[in-house]
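Start from the sequences, fold in the hints, and give me the full structure.
Going down the list, the protein sequences come from chains A and B.
The first sequence begins at 1 in the working numbering and counts up by one.
The second sequence begins at 1 in the working numbering and counts up by one.
Hints are not guaranteed to be accurate.
The calculated lysine-lysine pairs, modelled on DSS-like cross-linking and capped at a C-alpha distance of 30 Å, are [claimed, not checked]:
| hint | chain 1 | residue 1 | chain 2 | residue 2 |
| --- | --- | --- | --- | --- |
| 1 | A | Lys-8 | B | Lys-144 |
| 2 | B | Lys-293 | A | Lys-158 |
| 3 | B | Lys-213 | A | Lys-158 |
| 4 | A | Lys-8 | B | Lys-77 |
| 5 | A | Lys-158 | B | Lys-77 |
Bear in mind the hints are in silico, worked out from the structure with no lab data behind them.
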Amino acid sequence: MIRNNFIKRSALFTLLLVFLLASLIAGVSIGAVSIPPSEVIRILFSHIPGFDSYLTAGLSPEHETIILTMRSPRVVLVALVGAGLALAGATFQGIFRNPMADPYVIGVSSGAALGAVISILVQSIGHIPFYFATPAFAFVFAVVTILVVYSLARVGGKAPVMTLLLAGIAVSSLLSALVSLCMFFSGNQLHQVVFWLMGGFSGRGWDYIYIFIPYGMVGATVIFIYARELNAMLLGEEPAQHLGVEVERVKRRLLIAAALLTGACVSVSGLIGFVGLVIPHIVRMLFGPDHRTLLPAAALIGAVFLLVADILARVVIAPSELPVGIVTALIGGPFFIYLLRRQKNSMF
Amino acid sequence: MLLNILGVTCGYGASLVLKDASVQINSGDFVGIVGPNGSGKSTLLRTISRILQPFYGKVLLKGEDIYHIPVAEIAKKMAVLTQEPGLDFPFTAKDVVTMGRLPHIKRFARESARDVEAIARAMDLTDTAGLADRQVNELSGGEKQRVLLARALAQEPEILLLDEPTSYLDLNYQIEIMELLARLRREYGLTIVTVLHDLNLASRYCDYLVVVKQGSIHTVGTPRQVITVDTIKEVYGCEVRVEYPDSTGHPYIVFNDEPIGIAEEDGERRVHVVGGGGSGVVLLRNLLSRGWKVSTGVVNVGDSDWQEACRLGISIIEAPPFCSVGVNEIRQNKEMIQRADFIILAGIPFGTGNIKNLECVLEEAEKGSPVIVIDNIDICKRDYTGGKAAELYKCLLRSGVHTVNSEWQAIQLMKGDRENVVQR
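Here it is in structure tokens:
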């Protein structure tokens, strides 16, 4: 484990940034039409003022279109969602002091799924396609679910983590049942619903990034602000209060921030499992439990992980695509088991 | 006054744990909170540390209600060391101690020289510098406790609140922690308020003791005022001796090796148990602990009832081992019975050796003495006299005695009588 070593830590972060950059370029480069990385870099740089004059020579306009309108937004969105899920997962695990927590632990996923399913069904029944209805519904339902769970768990101004977890499980199973009910009656739309639930990024353009950015950024910022409070809360809520942390207030803000972030992720990509559960653990093994390092590292590694998974999802059965959620579980599971066996001692 | 706890009533949900508790604590005091389990000591501490909001009353820190002070400001004045270890995460000891500076360091700021100094001093005082790079989840209980104390000291508080800091610790560490607290008070003027289980440790180190009993403050005073035979008996319900073994003048509690019984008093009510063969063991012990003056007889020397009676210091009418009950013993037994307020006949087996006991009880019953017969085993199964005992026993049951099924019922019956029946 790397700790208290500024140089090692900076080196690791630099390495992670290099990985991120490499996987972003790989993500743009790899696909049904393969575009060499050098050309990708030239095309991207040609859009930066000052470079245009001597880089544009001999570039293929089709490749430029593919890169700018299809692959770039997709890859950026994948990175954002990967980072967001890992960050939200790390936050929930910190708040709940529970290694089994993930971004979906208190029902965000079921809420979002219900919203998405309802929007898909309503659009098909009414034959009125609303632009972005699905992400919007998913997002609103996700956030409302968190608020409901939080208010259910509140007892005398406090929301004990155990009650929160239980309320989350209860609400979650209720919502899951409703989702199943909708699916049962969804008829021709079943395929679309299932596909959304599995999670994926096919055909996502820049506009999805614009919906993600405001909520995602607010959520992430709040989480980063309270990194040291999360550290103190790992010692227990009462000890944290004795160290001057307004536990209930911080917990409420962090829950809402993580819910916003998760809601933003889910609304643009569906339900992608595993990233939010496993990445924080891997980062904890590498960097230790200090959230001031853990959070940024989780965001970076989450982004890289999902980028790689998305590339695999595109190439394994090309020209078709696998849902990325399947890939994350297929590569994440064994890797996680390997780490567990190697680490042996406690995960947290 | 540093801390003023004013008529605090609090609890969990609807149940009240602490009722109208008031305590004043001055700067530099070393205060111990003592009392039996579940009396509300920890609750009092949790109220002072602003974890549990009182239903009524308030806690003033330097004259200001703690609920009007921001949590971060309180953390600069008051540090708390609770019982739960809560160090399950692979932070290093230094990370944990550094968290003690959280109320002092601005968000996103780096540690200042002053912070570094406070951390170093805290680790130095608690002798944890050597653990700095160790992971806290791998430390021993005593080491964890010292790391947590270091974290509390890193807060540079004026008041240190501790909840049983010595529990789970080996004797040497108990002394070490208490000595350290005494030193912190002496050298840094730290005010110390600690819940303690061990009255002797409390007596040795505290200036004042707050005795909590059933959610109320029973007594507040110096160890000499508080640790007395009477107070211990009232609060803990047990008999101890209080001694002053050394020149320091601190009272020490010594457990009594005397029988559990309660000293003989005038007007104490007497009960005579006719038992034997182990049938009376439970009864003798329970009667004695409930304040009855107990006698038993006639039992044979060496019998298990006899042994128990000897241990408890009960007056015994005894017969030589394996001999029949003689005339002399019967006469003594009758004297005892006549002085008793109740006679209890335990469910003993009868043989030719002790049938005289039964005759004696029957005689008393016919005279109208209050006899309680514990009829828990069928007489035919414990009659080894060929029917003679069974016959006497049936006469006895017809003679207006109280018949009960167990020792417990006998005790209840006599208790009821004690409360309801006037002196006969």
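Mind listing which of the numbered hints don't hold for this structure, in increasing order?
Numbers 2, 4 - these are the hints that the structure violates, sorted from lowest upward.
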